[in-house]
Amino acid sequence: MFNILKELIYSSGAVSLSGGNLVMWLVSFVLLYLAIKKQYEPLLLLPIAFGILVVNLPLTFLMEPEHGLIWFFYHYGIEMDIIPPLIFLGLGAMIDFGPLIANPKTLLLGAGAQAGLYVTFFAAILFGFDLQEAGSIAIIGGADGPTTIYLTSKLAPHLLGATAVSAYAYMALVPIIQPPMMKLLTTEHERKIVMSKLRPVSRLQKVCFPIVTAMTIMLVVPPAAPLISMLMLGNLFKESGVVERLTNASANELMNVVTIFLGLSIGATMTATTFLNPKVLFIFFLGLFAFIVSTGAGLLMAKFMNLFLKDKINPLIGAAGVSAVPMAARCVHKVGSEANRRNYLLMHAMGPNVAGVIGTVVAAAILLKNLG
Amino acid sequence: MPELIAPIAGNVWKILVAVGDKVELDDELVILEALKMETPIYCDDAGTVTEIKVKEGDAVNEDDVLIVID
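Those protein sequences? They're chains A and C, same order as listed. Numbered according to the working numbering, the first sequence spans residues 1 to 372. Numbered according to the working numbering, the second sequence spans residues 1001 to 1070.
So here's chain A without its partners, still in its complex pose (with noise of 0.2 Å):
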């Protein structure tokens, strides 16, 4: 009876924790608070939190490869770069690129706002991270989580939970963080520039764009077409508008499925042993940087922009253009009425935010092609 009794406690994963878990339970336990209570990024972040505590549990094997159950997930869904291009084709069925297609040059916002990539990328290599793992930081400043694991997944998979957990954390805390960088590079008169009527687009030009964009963003730079593919179908399902079930599955049905399994899996890769040292909380700093002077950059360019033009745009809508979909759109909005209480930014920026997905992508497929 004792016997049965001694290896039943021996068996039981209680043995065998370590003080690792339990601080993985307590950032777990942390996301969950955020996730329920504050609702940030719920939708991603109560599977991930889920993930980190049931992988801190020890003897469960739940990430042993070839056996554990969401090792699969991981394997299958992550490292073989099928559940990131299913997000984009989801992100592609629900984004309207009509204020893109309407004022054109706020791509250029979208690319500006890129710069905070290639800054934070040599700051990495600088405090000592390799080349893979610095491609994989800079993409934070991006704001685009799909992006963000689909380019850790193939250069520093070690650091797949912490670039994704920070890339979906900054876009979540874009409310906080953007504001106060909007405020120190803008004029409280640059604030108040209220934009002229967008111009009406039409179907055609619509449904051309997705095929046009597709063609040439491959040609141009090849690696993106996983992303750029996926992306752009799901927005020729949406305007086409005579695939409204595709549309509707793209959008809703496909894109919760992948969702789960994206989240788990990724909670599931922030074991004790990888997470738990100094390199990655100084990713979460990197990140941050990275976030940041993407802010800037974009607000600069429109800065920029606006000595060229007679027809000033307000130069908020370039912090837009990191690619937080449309939590930076509506970030710029808000921030526009509180300077004039009649601005309405919101669909102003939200061409900078749509070609701000792009551009992220795009700078992930050159950071793959130069470092992958």
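Be aware that a few hints might be false.
Here are some chain A residues pointing at chain C (derived, C-beta under 10 Å) [said to hold, decoys possible]:
| id | residue |
| --- | --- |
| 1 | A329 |
| 2 | R330 |
| 3 | R341 |
| 4 | R342 |
| 5 | Y344 |
Calculated directly from the structure, the hints in this document are not laboratory data. Using N, Cα and C, we set each Cβ at its ideal position, and we do this for glycine too.
With chain A's structure known, arrange chain C on it following the hints.
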């Protein structure tokens, strides 16, 4: 007759006035919801509300008339 125009496309979230109400410049008359964000629309002219052209939950396009003020 002055009209309150929707400055952005979205859904009518709340209508804060009724026909017959007196309104002042800068009063908040309607709240539109776009991209899960509430945007208050302010009155451009003082006067009396004579007609409300939308109801809560309606989808509106940019430049649609929301309220007529006399």
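Comparing the hints with the structure gives:
no. : hint : result
1   : A329 : holds, 7 Å
2   : R330 : holds, 5 Å
3   : R341 : holds, 6 Å
4   : R342 : holds, 7 Å
5   : Y344 : holds, 4 Å
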